[in-house]
Amino acid sequence: MEVNIEARRILAVSISKLYASRTQRGGLRLHRSLLLSLVMRSARDIYHSSRESEVLSGAQSAPEEPMDTSSSPGEQTRLPEPQPEPQPVLNSTETAPGEPDNTEDGCDSEIIEDKENLSPAKQSRKRRGKASAAPDFLPSKRARLEPGEERYEVPLGSCRAGESLTTLSLNRVIPAF
Amino acid sequence: KIAGPGGDMQWCFSQVKGAIDDDVAEADIISTVEFNHTGELLATGDKGGRVVIFQQEIENKNQPQFRSEYNVYSTFQSHEPEFDYLKSLEIEEKINKIRWLPQKNAAQFLLSTNDKTIKLWKISERDKRPEGYNLKEEDGRYKDPNTITSLRVPVLKPMDLMVEASPRRVFANAHTYHINSVSVNSDNETYLSADDLRINLWHLEITDRSFNIVDIKPANMEELTEVITAAEFHPHQCNTFVYSSSKGTIRLCDMRVSALCDKHSKLFEEPEDPSNRSFFSEIISSISDVKFSHNGRYMMTRDYLSVKIWDLNMETRPVETYQVHEYLRSKLCSLYENDCIFDKFECCWNGNDSVVMTGSYNNFFRMFDRGHRRDVTLEASRENSKPMQVLKPRKVCTGGKRKKDEISVDSLDFNKKILHTAWHPQDNIIAVATTNNLYIFQDKVN
Numbered sequence: 001m002e003v004n005i006e007a008r009r010i011l012a013v014s015i016s017k018l019y020a021s022r023t024q025r026g027g028l029r030l031h032r033s034l035l036l037s038l039v040m041r042s043a044r045d046i047y048h049s050s051r052e053s054e055v056l057s058g059a060q061s062a063p064e065e066p067m068d069t070s071s072s073p074g075e076q077t078r079l080p081e082p083q084p085e086p087q088p089v090l091n092s093t094e095t096a097p098g099e100p101d102n103t104e105d106g107c108d109s110e111i112i113e114d115k116e117n118l119s120p121a122k123q124s125r126k127r128r129g130k131a132s133a134a135p136d137f138l139p140s141k142r143a144r145l146e147p148g149e150e151r152y153e154v155p156l157g158s159c160r161a162g163e164s165l166t167t168l169s170l171n172r173v174i175p176a177f
Numbered sequence: 001k002i003a004g005p006g007g008d009m010q011w012c013f014s015q016v017k018g019a020i021d022d023d024v025a026e027a028d029i030i031s032t033v034e035f036n037h038t039g040e041l042l043a044t045g046d047k048g049g050r051v052v053i054f055q056q057e058i059e060n061k062n063q064p065q066f067r068s069e070y071n072v073y074s075t076f077q078s079h080e081p082e083f084d085y086l087k088s089l090e091i092e093e094k095i096n097k098i099r100w101l102p103q104k105n106a107a108q109f110l111l112s113t114n115d116k117t118i119k120l121w122k123i124s125e126r127d128k129r130p131e132g133y134n135l136k137e138e139d140g141r142y143k144d145p146n147t148i149t150s151l152r153v154p155v156l157k158p159m160d161l162m163v164e165a166s167p168r169r170v171f172a173n174a175h176t177y178h179i180n181s182v183s184v185n186s187d188n189e190t191y192l193s194a195d196d197l198r199i200n201l202w203h204l205e206i207t208d209r210s211f212n213i214v215d216i217k218p219a220n221m222e223e224l225t226e227v228i229t230a231a232e233f234h235p236h237q238c239n240t241f242v243y244s245s246s247k248g249t250i251r252l253c254d255m256r257v258s259a260l261c262d263k264h265s266k267l268f269e270e271p272e273d274p275s276n277r278s279f280f281s282e283i284i285s286s287i288s289d290v291k292f293s294h295n296g297r298y299m300m301t302r303d304y305l306s307v308k309i310w311d312l313n314m315e316t317r318p319v320e321t322y323q324v325h326e327y328l329r330s331k332l333c334s335l336y337e338n339d340c341i342f343d344k345f346e347c348c349w350n351g352n353d354s355v356v357m358t359g360s361y362n363n364f365f366r367m368f369d370r371g372h373r374r375d376v377t378l379e380a381s382r383e384n385s386k387p388m389q390v391l392k393p394r395k396v397c398t399g400g401k402r403k404k405d406e407i408s409v410d411s412l413d414f415n416k417k418i419l420h421t422a423w424h425p426q427d428n429i430i431a432v433a434t435t436n437n438l439y440i441f442q443d444k445v446n
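Protein sequences, first through last, are from chains E and A. The UniProt record's numbering puts the first residue of the first sequence at 1, with every later residue one more than the last. The UniProt record's numbering puts the first residue of the second sequence at 1, with every later residue one more than the last.
Among the hints, erroneous ones may be present.
What the hints assert, rightly or not - Between beta-carbon pairs, the in silico distance windows are:
hint: 1; chain 1: E; residue 1: E54; chain 2: A; residue 2: F83; range: 49 to 55 Å
hint: 2; chain 1: A; residue 1: P271; chain 2: E; residue 2: R25; range: 35 to 41 Å
hint: 3; chain 1: A; residue 1: H294; chain 2: E; residue 2: E2; range: 46 to 52 Å
hint: 4; chain 1: A; residue 1: D28; chain 2: E; residue 2: E54; range: 50 to 56 Å
Hints in this document: simulated from the structure, not taken from any laboratory. Glycine included, every Cβ here is placed at the ideal spot set by N, Cα and C.
Build out the structure end to end from the sequences listed, making use of the hints.
If you want it as structure tokens, here you go:
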């Protein structure tokens with residue numbers, strides 16, 4: 001689906017911008033980070049509702065994405081909630097909560113959602129084997145560009161195959177401050 | 001003096017300041033432009049932390065069709081880069097805002113700010129020098145008192161004009177987040193400074209403390225949904241100020257109501273047009289600038305695609321909306337990728353609040369004549385920089401056949417952006433900043 005691809009591309013671009021802003025002179029800009037997180041949240045929500053409508057219309061969905069089969073859009077778009085984890089956001093994205101985490105925690109949505117609310121003791125802080133700076137969920141292939149669109153230069157290594165978008169908690173962009 | 005009945009203002013090139021080089025040095029990027037209250041002085045701040053002040057020369061009586069030119073009056077280094085060791089963060093020296101104080105005596109005063117520190121600068125002229133000391137040697141050393149047999153009073157002798165800038169106050173350590181605005185109160189004693197989450201009130205004489213008057217920081221930062229983007233005091237009511245947010249709202253606060261103005265007196269918000277919803281709706285509704293009209297009855301806000309005029313008595317919607325570059329609405333994704341969507345455009349009123357101006361891309365800037373319901377797009381470029389050359393209105397072709405002299409949206413240079421513009425408070429003289437050049441235009445004197 002067009003919207004799906006667009007959403008994933010925007011997410012990839014947003015993540016790159018977020019990482020780039022870490023090295024910016026003058027430090028992380030709160031306003032910019034907030035706007036990035038809002039775009040990422042919109043893209044994530046649209047990605048999910050488009051995946052769900054794919055599923056509902058009988059399309060195949062990968063087993064690694066239990067979220068899609070059971071959760072409702074309402075839960076996806078819920079407002080930010082307090083995160084008990086004290087982990088700084090950038091470390092948590094670096095631990096690449098991708099497929100391995102999902103299978104560890106079980107395959108139904110409740111637990112995936114709870115993953116966001118896990119207490120620090122339960123949350124796995126272990127770095128993934130592939131010591132990469134980017135989360136797993138980013139698309140591995142470069143997105144198809146619309147005619148006339150420019151390709152955005154993405155740092156090497158930050159676009160990787162990934163399925164579960166929800167494990168990135170966008171709300172945790174802000175606590176870096 | 002605005003255009004006569006039915007007459008269009010014709011804008012002419014007057015001057016351009018800055019390097020001709022295509023290779024722009026980062027430090028030379030202009031970050032703020034401001035006329036003082038009489039329009040005689042024009043200040044610019046740049047990314048390198050420098051302030052350059054231009055002064056309008058006394059009118060050349062021999063050539064009445066020219067208004068006087070602006071020449072460099074003073075240049076000084078306002079802010080230097082700093083390092084916050086606690087947070088391991090570099091603090092940029094870029095001047096975010098300059099605001100002039102109304103003149104009280106022979107000296108001029110202005111506030112300049114970077115992300116963290118506000119400074120009050122005194123700019124004074126010295127055109128006399130005391131001479132004839134008999135207590136000191138030529139080089140300033142004091143003579144042996146035993147050799148002095150008489151007292152001679154030094155005499156003030158004229159000297160070449162020297163303009164000195166000295167920092168009189170440094171207002172530091174009051175902002176955790178990045179300062180985006182300063183605004184001098186009409187009481188001439190206080191001013192406000194605003195960062196992403198807080199607004200502080202200062203007394204111009206007191207540097208070691210400030211009062212926090214607005215704090216929108218949530219208890220849990222993960223619940224943050226909006227930040228403060230600009231703030232300004234009302235031009236006449238010293239108890240009133242407004243601040244704009246990244247959500248497209250403006251709050252008007254009355255300092256008499258309570259010490260902490262977290263509760264607004266008025267909330268200005270226009271409901272979003274659902275047909276325009278996109279991934280980027282939130283970004284483009286973020287307000288980048290808010291300015292009161294000179295008469296204090298209206299305020300103007302700038303968001304990414306439009307300029308809105310609000311009547312302070314009506315909170316539900318703006319009274320006027322002007323599209324700056326609506327043709328960009330279909331290009332938001334590309335503008336997001338190349339970061340242009342984060343550009344913060346400013347806006348300004350003319351002296352009698354009849355015309356408003358703001359910048360755009362391709363070194364275009366736009367003027368909206370409120371009374372005559374007319375708008376014009378002009379360009380600041382070296383190609384149109386012959387003395388008194390009349391600027392030709394520009395047009396962007398949005399689709400279909402491109403007419404001669406029109407420019408298509410895809411040909412626009414998004415690296416050439418005009419973010420900062422200023423209008424002389426009493427005359428039709430405008431200062432328009434491109435990336436590293438300052439253009440001064442004036443309307444054709446009939």
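Here is what the structure says about each hint:
1. In this structure, E54/E and F83/A meet the distance hint of 49 to 55 Å, their C-beta atoms being roughly 51 Å apart.
2. Roughly 38 Å separates the CB atoms of P271/A and R25/E, a value that falls within the hinted 35 to 41 Å.
3. A hinted range of 46 to 52 Å for the beta carbons of H294/A and E2/E is consistent with their spacing of about 49 Å.
4. For the hinted restraint 50 to 56 Å between D28/A and E54/E, the CB-CB distance of approximately 52 Å keeps it satisfied.
Hint compliance for this structure: every hint is met.
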